[in-house]
Amino acid sequence: MPGDDYLVRFVNIQKSYDGETLVVKNLNLNVAKSEFLTILGPSGSGKTTCLMMLAGFEPATHGEIYLKDQPINRVPPHRRGIGMVFQNYALFPHLTVAENLAFPLDVRGMSKVEKARRVKRALDMVQLGGFGDRRPAQLSGGQQQRVAVARSLIFDPDLVLMDEPLGALDKNLREQMQYKIKSIHENLGVTVVYVTHDQSIALTLSDRIAVFDDGVIQQCAAPDVVYERPENAFVANFIGENNQLTGTVVEDNGDTVKVAVGNGNIVEAKKVKVEGVGSPSTLSLRPERVVVNPEPGSLPNVFPAKTEELIYLGDHIRTRFSICGNVDFIVKIPNSAFHAAISEGDEVNIGWKAEDCRALDVWPCPTPHS
Amino acid sequence: MPTSPAKPGGPLLTADGTPLKTSLERSLKLSKLRALGLIFPPLLFLLILFVIPIGSLLTRSIDDSLSNKVLPKTLAAFERWDKTSEPDESMFEAVYLDMKAADKLDLSKLGTRMNYEKSGWRSLIKITTRGLKRIDGPPYKPAMLHLNKRWGDIEFWQSLGAMKDPVTLGYYLKAVDLKYDGNKDIMKVNKHNRIYRMLWWRTFLVSMIVTIGCLILAYPVAHLLATLPLRLSNLLMICVLMPFWTSLLVRIVSWMVMLQQNGVVNDSLVSLGVLDDGNRLPMMYNFTGTVIVMTQILLPFMILPIYSVMKTIPPSYMKAAQNLGATPARAFIRVYMPQTIPGIGAGCLLVFIVAIGYYITPELVGGKDGRLIGNLIAHHMQNSLNWGLASAMGTILLVAILTLYWVYDKLVGVDNMKMG
Ligand SMILES: Nc1ncnc2c1ncn2[C@@H]1O[C@H](COP(=O)(O)OP(=O)(O)OP(=O)(O)O)[C@@H](O)[C@H]1O
Ligand SMILES: [Mg+2]
Chain B
252 MPGDDYLVRF VNIQKSYDGE TLVVKNLNLN VAKSEFLTIL GPSGSGKTTC LMMLAGFEPA
312 THGEIYLKDQ PINRVPPHRR GIGMVFQNYA LFPHLTVAEN LAFPLDVRGM SKVEKARRVK
372 RALDMVQLGG FGDRRPAQLS GGQQQRVAVA RSLIFDPDLV LMDEPLGALD KNLREQMQYK
432 IKSIHENLGV TVVYVTHDQS IALTLSDRIA VFDDGVIQQC AAPDVVYERP ENAFVANFIG
492 ENNQLTGTVV EDNGDTVKVA VGNGNIVEAK KVKVEGVGSP STLSLRPERV VVNPEPGSLP
552 NVFPAKTEEL IYLGDHIRTR FSICGNVDFI VKIPNSAFHA AISEGDEVNI GWKAEDCRAL
612 DVWPCPTPHS
Chain Z
11 MPTSPAKPGG PLLTADGTPL KTSLERSLKL SKLRALGLIF PPLLFLLILF VIPIGSLLTR
71 SIDDSLSNKV LPKTLAAFER WDKTSEPDES MFEAVYLDMK AADKLDLSKL GTRMNYEKSG
131 WRSLIKITTR GLKRIDGPPY KPAMLHLNKR WGDIEFWQSL GAMKDPVTLG YYLKAVDLKY
191 DGNKDIMKVN KHNRIYRMLW WRTFLVSMIV TIGCLILAYP VAHLLATLPL RLSNLLMICV
251 LMPFWTSLLV RIVSWMVMLQ QNGVVNDSLV SLGVLDDGNR LPMMYNFTGT VIVMTQILLP
311 FMILPIYSVM KTIPPSYMKA AQNLGATPAR AFIRVYMPQT IPGIGAGCLL VFIVAIGYYI
371 TPELVGGKDG RLIGNLIAHH MQNSLNWGLA SAMGTILLVA ILTLYWVYDK LVGVDNMKMG
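Chain order of the listed sequences is B and Z. All you need for the working numbering is the position in the first sequence, starting with 1, plus 251. All you need for the working numbering is the position in the second sequence, starting with 1, plus 10.
Don't take every hint at face value.
For lysine-lysine, the following DSS-like pairs were computed, each having C-alpha atoms within a straight-line distance of at most 27 Å [unchecked claim]:
id	chain 1	residue 1	chain 2	residue 2
1	Z	Lys329	B	Lys319
2	B	Lys284	Z	Lys329
3	Z	Lys119	Z	Lys159
4	Z	Lys119	B	Lys433
5	B	Lys366	Z	Lys329
6	Z	Lys329	B	Lys276
7	Z	Lys329	B	Lys371
For the record, the hints were derived by calculation from the structure and aren't laboratory data.
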């Protein structure tokens, strides 16, 4: 589909390092101009591999990658013009911060004046105005990270790749930096492909999230869609907190299904990814969508539950119930004036809507790593 | 602050009232003592086997007390003498009395020592010692002249001037082809006796060439070692270390087999038609042979430090440089090479220092024009027994090495050095 507004297209990409196992299996992914796309997946799922193929450091075993509709499989890395922030920043230790920033401008033969102007602008952009003469080793982790971001942007690439750039930072700094990256992205309008295994970063930053596992994109959609409407059990599990009930489909009503779960209870759920009557299914339910002691008759799914544990978290109380054979059923009860006062060992009723409960496939898949 | 007894501005006190400083010192003292205890054995080792020998080396290189000990009266008479007129009876008497009183062994050592200043002294002293008992009283001058007429040669008497002080720089002067004349003025030695300056220069040149040669050969090998997959790099490492596990002599002999006139290299060149049978290259027992063999032997000393530095450079730097638009060659020169400088520095320093004092290889393959200063030192230690000169040359070598180290520290910084 040339002519579309896609900057990057992965077409049927496969990658194997050893000729025996596929690290990336048939990847098809389009990245739109000015989009912030996050590749999210567990460790070892092949995220870095995808990025390395895009940057040109690893050849694709099969398939073609297009950058601005040009196939780039045979273009060497230094002519791709893609910016990249490495996981360990890869700031050159023998050069000062300013020299690091000037490096991509040097190799492009830019004039001294222009170089100085751009370096200054880049340093100001990441609020490191006075740090140009320092060596990278004399900067804190967060400052190094900002320099790395500035360096990847200084030669005005259309596309910037970031491989887990916040991984080494502590939690506070990570949050700060993630807003910084977001605002830079919004100001510059640059396309970003961001790799992480941290779902909170992915949810905050992204226009779209590609959930990656086992060499396959499990779901690729906007953050709210991925969170609210996961398409399979892996995505439901990987993103956000999630209660799972496993059972067998007993009735298929087209839009909804009825699933028999533990203790002989029948749950009505939205049909998302199940085969039909008789097939196994995982029901996925967000903890914040569960109501404790609902009005009788107001919800289709109401079941008795036993309170196992209460954890006080200030704004809400994290409560663990055993229900329908699941002893790990988490409910977040808001600490509001109206919250149900319950204590450990109490028998209560909890309920939820049919559309909040998604009937998905069974995960881990029967043949997970073949 | 209810528990702090310190007034603002006053000294801080600990809970029991002692000043904080005192208790800090006390607590640190204990750990210092323990540290001292731990380093004591190696310190002792260093002291006995390193500091003391080097101290004695230094003293020996300037020590000239033997003549003062054996010939006190003679040297006193020498002082009174006008250095130009014919020596009078009093001087001969002084020599007679000194030699009569002296120990036999000391006299023979003295003869050797005096011979450095003017050749002929040794036999003169020997003859006189033997004839001493035939002299039975004054006047001594005719009797001694009768023993050997060289006693009438004024040059022998004048050469005593170089020996009258208990310390001397004579050995150092000799090590750079200079000497004292009778008035203790410094002058050059005869043209045909000059060898040391040429040897110093040659030693420096060989060390330089060997260092550069090692660097050129070692750099790619180290890079390969650092980047190959583990299994292959281990194999390569074994190849690099193999020379360490082989006897030096075996290696040198195999080089002889390779490089001599009828050796493997010459034979193959001749059979390939590159060389005429009559024009076989002289590669053994000369300068070339010394350089080739030393380069091979010292190569691991260059490879290992460079390798250890390269090993620590993550591949992401090269990737980042290329990602930023540098060609692989440019990325290598601008980003990779500067980071290996500490290893290059350490390797060059190591190889140069070892090369500058090398003597076994030049001894065996150097022939006449491949001998280095180390060979001369060994010669003076073992054959001519001129320990003073050997010590002086050793000291010069030591100072040269320390200077080099200092220069290196200024240029690269010793803290940056990675030895392996
Ligand atoms: N150079 C390589 N040679 C062989 N196998 C590799 C290589 N790089 C990665 N792999 C394998 O490919 C798989 C995916 O690796 P990749 O680095 O892409 O994971 P990732 O998703 O980035 O993980 P992480 O979140 O831990 O960084 C892993 O199983 C890894 O062992
Ligand atoms: Mg990774």
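Index of numbered hints that the structure contradicts, given in increasing order: 4
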